[in-house]
Amino acid sequence: DTEVTQTPKHLVMGMTNKKSLKCEQHMGHRAMYWYKQKAKKPPELMFVYSYEKLSINESVPSRFSPECPNSSLLNLHLHALQPEDSALYLCASSPRGGLTNTGELFFGEGSRLTVL
Amino acid sequence: QKEVEQNSGPLSVPEGAIASLNCTYSDRVSQSFFWYRQYSGKSPELIMSIYSNGDKEDGRFTAQLNKASQYVSLLIRDSQPSDSATYLCAVNRVLTGGGNKLTFGTGTQLKVEL
Chain U
20 DTEVTQTPKH
30 LVMGMTNKKS
40 LKCEQHMGHR
50 AMYWYKQKAK
60 KPPELMFVYS
70 YEKLSINESV
80 PSRFSPECPN
90 SSLLNLHLHA
100 LQPEDSALYL
110 CASSPRGGLT
120 NTGELFFGEG
130 SRLTVL
Chain W
30 QKEVEQNSGP
40 LSVPEGAIAS
50 LNCTYSDRVS
60 QSFFWYRQYS
70 GKSPELIMSI
80 YSNGDKEDGR
90 FTAQLNKASQ
100 YVSLLIRDSQ
110 PSDSATYLCA
120 VNRVLTGGGN
130 KLTFGTGTQL
140 KVEL
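In order, the protein sequence lines correspond to chains U and W.
Going by this note's numbering, the first residue of the first sequence is number 20, and it counts up by one from there.
Going by this note's numbering, the first residue of the second sequence is number 30, and it counts up by one from there.
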């Protein structure tokens, strides 16, 4: 079982809805990530948080708004999405740095989003 | 040139054979290298990591790294039908602000046939 928990597992929303995806980890990791994966494509990095601060935003549209309330939680707020945003959204975590940072990312099971 | 390149496959091997998966990368400052396995509809699962040139073995899996050639490979010995999945090569760069930038290849679909 993964130690990164994502909720909900499935989400269907309309283009005018506001919803949120949630991610939680209790491994003491200080870096957390959002990836987006379309069918038959590799995961694409969206955001990186390190010590609750946004480290990378890969030019993601503003209709996706990340939030890191503390080192264990990561949210992705969704508003005015388009049907092409339908995808599997993956959360991951890793140790931040130093000798503990092997670069390994631990992924959650993902939230499958469908935008109608 | 893509940052991480893999043959998309499908790569078909008979049960019990050796499956060989290859990957090349373009960023010379990449520091660590990973192979993830992904079953259809599931999230990526880390199966091998390698950080220095040479071979690293773990059970039926052997990862090989050649930084001069910017090449990473994965060998799966005694392939089983349960190994049928997409294998993603991933290349990591540690960020100065903390965290990692992990870039994935497009994945190679492996089919192990009975």
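Since the hints were derived computationally from the structure, they do not count as laboratory data.
Beta carbons: idealized from backbone N, C-alpha and C, even for Gly.
Honestly, I wouldn't trust all of these hints.
[Unchecked claim] Label-pair restraints from in silico Cβ distances:
no.	chain 1	residue 1	chain 2	residue 2	range
1	W	T125	U	A99	28 to 36 Å
2	U	T35	W	E44	45 to 53 Å
3	W	R106	U	H29	20 to 28 Å
4	W	R122	U	Q101	27 to 35 Å
Checked hints:
| no. | hint | in the structure |
| --- | --- | --- |
| 1 | W:T125 / U:A99: 28 to 36 Å | holds (34 Å) |
| 2 | U:T35 / W:E44: 45 to 53 Å | holds (51 Å) |
| 3 | W:R106 / U:H29: 20 to 28 Å | violated (37 Å) |
| 4 | W:R122 / U:Q101: 27 to 35 Å | holds (30 Å) |
In this structure, the one hint that does not hold is number 3.
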